[in-house]
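Generate the whole structure from the sequences, applying the supplied hints.
Chains as they are written, first to last, in our numbering: chain A, 1 to 387; chain B, 1 to 787.
No lab work stands behind these hints, which were simulated from the structure alone. Possibly wrong hints are sitting among the right ones.
[Claimed, not checked] Simulated coverage check for chain A against chain B, where a stretch passes if three residues somewhere in it have a Cβ under 8 Å from a Cβ of chain B:
{"no.": "1", "stretch": "42–53"}
{"no.": "2", "stretch": "114–125"}
[As the list claims (entries may be wrong)] Heads up, simulated EDC-like pairs for lysine to aspartate or glutamate below, C-alpha to C-alpha not over 16 Å straight-line:
{"no.": "3", "chain 1": "B", "residue 1": "K248", "chain 2": "B", "residue 2": "D48"}
{"no.": "4", "chain 1": "A", "residue 1": "K269", "chain 2": "A", "residue 2": "D220"}
{"no.": "5", "chain 1": "B", "residue 1": "K621", "chain 2": "A", "residue 2": "E330"}
{"no.": "6", "chain 1": "B", "residue 1": "K144", "chain 2": "B", "residue 2": "D189"}
{"no.": "7", "chain 1": "B", "residue 1": "K555", "chain 2": "B", "residue 2": "D249"}
{"no.": "8", "chain 1": "A", "residue 1": "K377", "chain 2": "B", "residue 2": "D462"}
{"no.": "9", "chain 1": "B", "residue 1": "K555", "chain 2": "B", "residue 2": "E565"}
{"no.": "10", "chain 1": "B", "residue 1": "K629", "chain 2": "A", "residue 2": "E234"}
All residues carry an ideal CB built from backbone N, CA and C; glycine is no exception.
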Amino acid sequence: MTGRFFLRWRWAILIALLLFAGLAFAFWPQPSAIDTGKVSKGAMEIGITDDGVTRAEEYYIVAAPVTGYLSRIELESGDRISRGTLVTVMRGRPATPLDPRTAQALRAALASARAAESSAAASLGQATRDLARAQALAQRGFLPRAQLEGAETRVGTSRAAVGQARAEAARISADLEPSRGQIGASPVPVRAPVGGTVLSVLTESEGAIAEGTPLITIGDPRRIEVVVDLLSREAVRVKPGDRVRIEQWGGPHPLTGTVQRIEPFGRLKVSALGIEEQRVNVVIAFDHASAVEGQRLGHGYQLDATIIVLTRPDALRVPIGALLRGVAGEWRVYVVANGRALARTVRIGQINDEWGEVLSGLRAGDVVVLNPPPSLKDNARVTSRTS
Amino acid sequence: MTALDLKLMRGLWHMRGQALAIAVVLAAAAATFVLSLGVHHSLTVTRDAYYARNHFAEVFAEMTRAPRSVVDRVRAIPGVAAAQGTIQQYATLDFPDRAAPVRALINSVDERGRDQLNLVVLRSGHMPRPGEPSEVVIDEAFAKANALGIGSRLDAEIYGRRQRLSVVGIGLAPNYIYALAPGEIIPDDRRFGVLWMGEKALEAATDRTGAINSLSLTLAGAAAQAEVIRRVDAVLAPYGGTGAYGRKDHLSHAFLENELTQLDAMTRVIPPVFLLVAALLVYVVLGRMIRTERTQIGLLKAFGYTDRSVAAHYLKFALVIAMVGTVLGALAGILMGRSMTALYAQYYRFPFLEYRIAPEVVLGAAGLAFGSAALGALGGIRSVARLAPAVAMAPPPPPAYRAGFAERLGRTAGLSTIGHMIVRHIARWPGRSAVTVGGIALSMALLFATLQFLDSSRTMLDSFFFRSQRQDLTLTFTEPRNQAAIHALAQIPGVLRAEPLRAVPVVLRSGASSRRTAIESVSSGARLSIRIDRDGNEVAVPAGGLMLSRQLANKLGIRAGEPLEVVQLGGRHTRMVLPVTRIVDEFIGERAYANTATVMRIAREETPAGAALLRVDPAAKERILRQLKGMPVVLGVSERDAALVKFEAMIDDNIYTMLGFYIAFSSAIAVGVVYNSARILFSERAHELATLRVLGYHRAEVGIVLLGELALLVVAAVPLGCALGYWLAQLMTSMFSSDLFRLPFAPARASYGWATVVVLLAALTTAATVARRVLHLDMVRVLKAHE
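Below, the structure written as structure tokens:
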């Protein structure tokens, strides 16, 4: 019966089957195209990147030893100098010109001094004459010794008074002398305390300067270090000896260095994002190999330093684009297996800007969905765009 | 009422099912036409009315800071009708209960109401009053989204100073129909609002006493915009002017214009195809329907009716159907158009909405409907009317059923008698069979071609738009920052990766043509934003020179390898010549890219971070958002997921709703065509089927003869429909592509399936009604020929 039915309807059944096959083909779930990445084994570094500046390791500021008149410094920044090289000489300042009132006063004072001198000279004459008389009397034995000595003293005192009055007049007349801007003699030499290169000439031109004014800075540009001011909470993660990669310094290849010290003193600074925060200086030394290439860097050059606080030479890594958070806050990834995306919970250790370290849940070579679209469901059919 | 008119009524009633099916096909086509043209027309009319009433300016310019006296100088430029200087200032508003910062763009308004341009429409409350520096008017959408009303207080940080504002009015203005925060892809009313504040108050708040930073003006009559712009630029250059621009570069206007262009593209492509396909189908179906009236036409002629009056009779028959179709279609189109326009209007801040239908739209639809119906009717009559009444009255002579190809095929295949009958009938009437198959296939093709627009836009979103955005957060800075800002962001716990993004506004010039655009910087190691070309491949930005999108390159008439003059707008006004090193085929927009170093060379500064893209640990997102909110240099933050959800919602509301209507209409057409084809088949064969019954065949067997043929024809139409659909879809997609907007051609297999399912369902339901008729076939009545 059924055989006859099938025989009778075979064409209709065939056509219907064809139609169903077509529809099944059309509605068969189609894989959605996704981007994929691979779980791989390899080196993974956790770094802190911030901008830093170079500075000469040894850095000397030569300052004016005295207040006075600086001769022009002929050194140029970049000049090599040795210890004791004469940087400049300093002399006395030229006198300040007199204003009329002071001049008037000085002239009056001079007249008064001259008058005092005349008065003193007169006193001296009197004293000299008194002494001559006293001596004559004393020779004849009519005068006590004490009186003679008194007369001698008066002559000495008067002479000194004349000298004083004359000197006072000379002083005042010197003050009255019109200022012609001459510089004093007896220069004070300023010498380089150390050999090195002139990094900068801070005060180049001649002129009067105060004691302690910085003149030039000396350092050795071949011996430079990098200072990065890190957020204090980041600085805590850094320890001396950490490797540093220096980028964006202008050269084609990154330079390398090591952390020398972390200063124990934090300062308040307004960050690039406009918030106040505590920052700590971290000092980095260039590696020997990089020092040659880093020659082109001077003092105070800007660069980006990445301090590597953690290195996993052979970590199992998954691209961060694949990481999602599940409802309970656990990390999840979609693993592509047999053309399907399977959600899998993973444990992630360290994360940097490229990879997450897989502690468990994935194997090397696993293919994961990168940047999974929100519409992606567990066990959905997928196809990789890249392959 | 003449006898013929009576017959017309009876004929219509007799064939009400079929007549209605044809009317539905015509109605669906007319409705699409009326709907889409109506929506586009209404939105354009509304926009233009709004612009005119509120004096939307025609030329705009921004500058760093200029004395207010510059407005008078600009007003004195020949061709300038009115000019107005204002202050525009971005500010952040503090909503303590929210993690993400809320941004506002504050505009100054004259406290004494002397503004001339871009006038604010007040919904409620009043404008800021003189001497009340804290009074602001906020925009309606922002007020609604944040449940703010008159009397609400806002804590704002304006120009680095905290200020408490009180809302005294709610309004909207024609220059913010589409209000998009910088760095956003979609308006977010919760996070971005437009505020209007008194001029004196804003001057004081932003240290701009007697100064402005924005200028808008209207042109007098036939003034040449380019010339006015050139002169305005000359006036503003010393004040850090960033180049004046016309409406087409005005953010709000450009977005609206873009939407209208897309809508227009849809309107220009889909409804005409609908109307043409429907007209073709009606022509064919109606013609065949009238041919089944053969005996009656003969009878009428035998009664002495002239050919002309018989033709007029059937023409009337067709026109009644066309009329019903047009009226139904126009009504449906107007109703749907009205709701559709209202839906669109949600996304645009219009103070009123004018729904208008141009009468020529309805007339055009009616014309096509009537024309196709009339042509179909005349075509049907012509062949019949040629016959002598006696011949026509007799049933059509059966074709010679010799042993032909079909019989040999049937014998080889070992068909049953009924199978034989089906195959032979199809083979003997190849014309009729082809028309049935073709009609069904065409309606299916139309359905498929509209369905695939969904696939197309889905692909556009998934494979291009969403895929190119890989960041979790995008934050915009108040002004471009240096790399240190990016380092600082990367050090926030929970931030996995931070990348800078910068766009430098420029004018690109090549020969006589120039375009205002922004060059986007792309750093070599960028991972969070990628550019995808039309083939779905990632495109790397060349190491030097510029990369332009094909649209932009075509506008500039430039090829790869040729030099292009780049003039920076604002900043240092640098001017340099850069080579175009690559041209990339993209789906959206006119864009220019260069690598970061090149962009910095144009800007002459080291500030690559106008915005930053962040990839964050989702668990830390909330905390990071709160941290970002406290940063004075951060203007705003947008979350990718939230933005994409909003974007999809907008696409769903606008494009998908429209497509939904189209799909419903094309389904209706498919159902109408299938139904009619089946009914005609039945009418044509009723005589033969009755004869078979007389010969002793069972009802079921007779039913199978008819339904088998119908099934075979429908099944044959499916692959043809798929092929035709593919071709039609390709045609429509290429017609759809404009300079601004292109769609990928990516039909999903399921769309073929759905089109097939709709046709099969239509066929099944039709088959059920036809089968009922076959089962109750009144042999005597059929064989007698009615009337």
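Structure-based check of all given hints:
1. Interface restraint, the stretch 42–53 of chain A with chain B: holds (4 residues with C-beta to C-beta distance below 8 Å; minimum three).
2. Counting residues of the stretch 114–125 of chain A whose CB falls under 8 Å from any CB of chain B gives 0; the rule of at least 3 is not met.
3. This hinted pair checks out: K248(B) and D48(B) have alpha carbons roughly 14 Å apart, not beyond 16 Å.
4. Note on K269(A) and D220(A): the hinted pairing is violated, with a Cα-Cα distance of about 29 Å set against a maximum of 16 Å.
5. Between K621(B) and E330(A) the CA atoms are separated by roughly 14 Å; this keeps the pair inside 16 Å, and the hint holds.
6. Between K144(B) and D189(B) the CA atoms are separated by roughly 8 Å; this keeps the pair inside 16 Å, and the hint holds.
7. Distance restraint check for K555(B) and D249(B): the Cα-Cα separation of roughly 15 Å lies within the 16 Å cut-off, and the hinted pair is therefore satisfied.
8. Distance check on the hinted pair: K377(A) and D462(B) sit about 15 Å apart at the alpha-carbon level, within 16 Å; holds.
9. Restraint check: the Cα-Cα separation between K555(B) and E565(B) comes to about 14 Å, which is no more than 16 Å; the hinted pair holds.
10. In summary, the hint linking K629(B) to E234(A) is not supported, as the alpha carbons are separated by about 22 Å, beyond the 16 Å threshold.
When the structure is compared with the earlier hints, violations turn up for hints 2, 4, 10 and for no others.
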